[in-house]
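Q: Sequence:
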Amino acid sequence: MKSTLEELQAFINIVDSGSIVAAATHLEQTTSGVSRALQRLESKLNVTLLERTTRKLKLTQEGQLFLEKARKIVHDLNEAEDALLKSDSDTSGLIRVDSATPFVLHVIVPLMQEFSRLYPNIEIELNSNDQIIDLLEHKTDVAIRFGELNDSSMHARLLCKSRLYIVTSPEYLDRNGYPETPGDILNHVQIGFNKVSHLNIWPIRVNGEKLTVQPKIKASSGETVRQLCLRGHGIARLSAFEVLKDIRQGMLIALFEDQIEIYEQHIHAVYYQQEHLPKRVRLFIEFLAQKLSKFR
Numbered sequence: 001m002k003s004t005l006e007e008l009q010a011f012i013n014i015v016d017s018g019s020i021v022a023a024a025t026h027l028e029q030t031t032s033g034v035s036r037a038l039q040r041l042e043s044k045l046n047v048t049l050l051e052r053t054t055r056k057l058k059l060t061q062e063g064q065l066f067l068e069k070a071r072k073i074v075h076d077l078n079e080a081e082d083a084l085l086k087s088d089s090d091t092s093g094l095i096r097v098d099s100a101t102p103f104v105l106h107v108i109v110p111l112m113q114e115f116s117r118l119y120p121n122i123e124i125e126l127n128s129n130d131q132i133i134d135l136l137e138h139k140t141d142v143a144i145r146f147g148e149l150n151d152s153s154m155h156a157r158l159l160c161k162s163r164l165y166i167v168t169s170p171e172y173l174d175r176n177g178y179p180e181t182p183g184d185i186l187n188h189v190q191i192g193f194n195k196v197s198h199l200n201i202w203p204i205r206v207n208g209e210k211l212t213v214q215p216k217i218k219a220s221s222g223e224t225v226r227q228l229c230l231r232g233h234g235i236a237r238l239s240a241f242e243v244l245k246d247i248r249q250g251m252l253i254a255l256f257e258d259q260i261e262i263y264e265q266h267i268h269a270v271y272y273q274q275e276h277l278p279k280r281v282r283l284f285i286e287f288l289a290q291k292l293s294k295f296r
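Mapping of the sequence shown onto the numbering used here: residues 1 to 296, in sequence order.
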């Protein structure tokens, strides 16, 4: 649209009030500013909208036709703004969330009932991806990221820090015995990841170096690694939010807790917008941050 909202409003107010001076008073602008807005509009349209005499202003035929269209444009814009403001105040609409499967299952899903009770008009779409996706391509409002953030174009909010554990099941230890030293882990079955190599570097040292494993069993998802571990297939390195409950219930056993380096995996909510982040998305991020603050 070549014409600006300011120019359209100036034109409509001049017609409605009967003069440029009265229109300027109504718009709380200067007379010269309103006059220039009308001149710019006529110049862009290459027509005369108002015939000016010393006594009055009169709409031309072209001005009458354009006035009807201009009124509709301004009316529709005002309605659109009102609808957006109402939607924002009502905290309604859809939020698309992307995260690795374990975080969805062990963190977000248990919190959904409380969030829905607080904000019944907000819809949530949870997408589980164990690889990093493009938020814009997948039309995603917010994603949960683990570890270092490499995309400087996105904004991030720290949700929590989750320490790492080396775990296995009681059944596996009954069959294979306990590894007596961290180096003995290499003589056992390690369960690891097949697509992100740094996840196969474990937070414990052997001969002064962090233990890098070559897993016999690999998976792309942390939840698959957890399930393999629970069923006695081997030893794995997993995050606290995935296995802490299992450890407390005796379903998994944490190995070498006194020797593991205290490494806390940073977990962020990432998104593109900053200044105009929709209220529903902002509320969801704030809710997660508050609930997970105990892990910081």
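Worth flagging that the hints you see were computed from the coordinates, not collected in a lab.
Take these hints with a grain of salt, some might be off.
Calculated pairs, DSSO-like style, for lysine-lysine (alpha carbon to alpha carbon, straight line, at most 30 Å) [said to hold, decoys possible]:
{"hint": "1", "residue 1": "Lys2", "residue 2": "Lys44"}
{"hint": "2", "residue 1": "Lys139", "residue 2": "Lys69"}
{"hint": "3", "residue 1": "Lys279", "residue 2": "Lys210"}
{"hint": "4", "residue 1": "Lys279", "residue 2": "Lys216"}
{"hint": "5", "residue 1": "Lys161", "residue 2": "Lys72"}
{"hint": "6", "residue 1": "Lys245", "residue 2": "Lys291"}
{"hint": "7", "residue 1": "Lys56", "residue 2": "Lys69"}
{"hint": "8", "residue 1": "Lys218", "residue 2": "Lys195"}
{"hint": "9", "residue 1": "Lys245", "residue 2": "Lys216"}
{"hint": "10", "residue 1": "Lys58", "residue 2": "Lys161"}
{"hint": "11", "residue 1": "Lys2", "residue 2": "Lys69"}
{"hint": "12", "residue 1": "Lys245", "residue 2": "Lys218"}
Quick list of simulated restraints, FRET-style, between CB atoms [said to hold, decoys possible]:
{"hint": "13", "residue 1": "Arg36", "residue 2": "Ile124", "range": "13 to 23 Å"}
{"hint": "14", "residue 1": "Leu158", "residue 2": "Gln64", "range": "24 to 34 Å"}
{"hint": "15", "residue 1": "Ala289", "residue 2": "Lys44", "range": "44 to 54 Å"}
From the three backbone atoms N, C-alpha and C, an ideal C-beta is built for every residue, glycine too.
Q: Which of the listed hints are not met by the structure?
A: Failing hints, ascending: 2, 3, 4, 5, 10, 13, 14.
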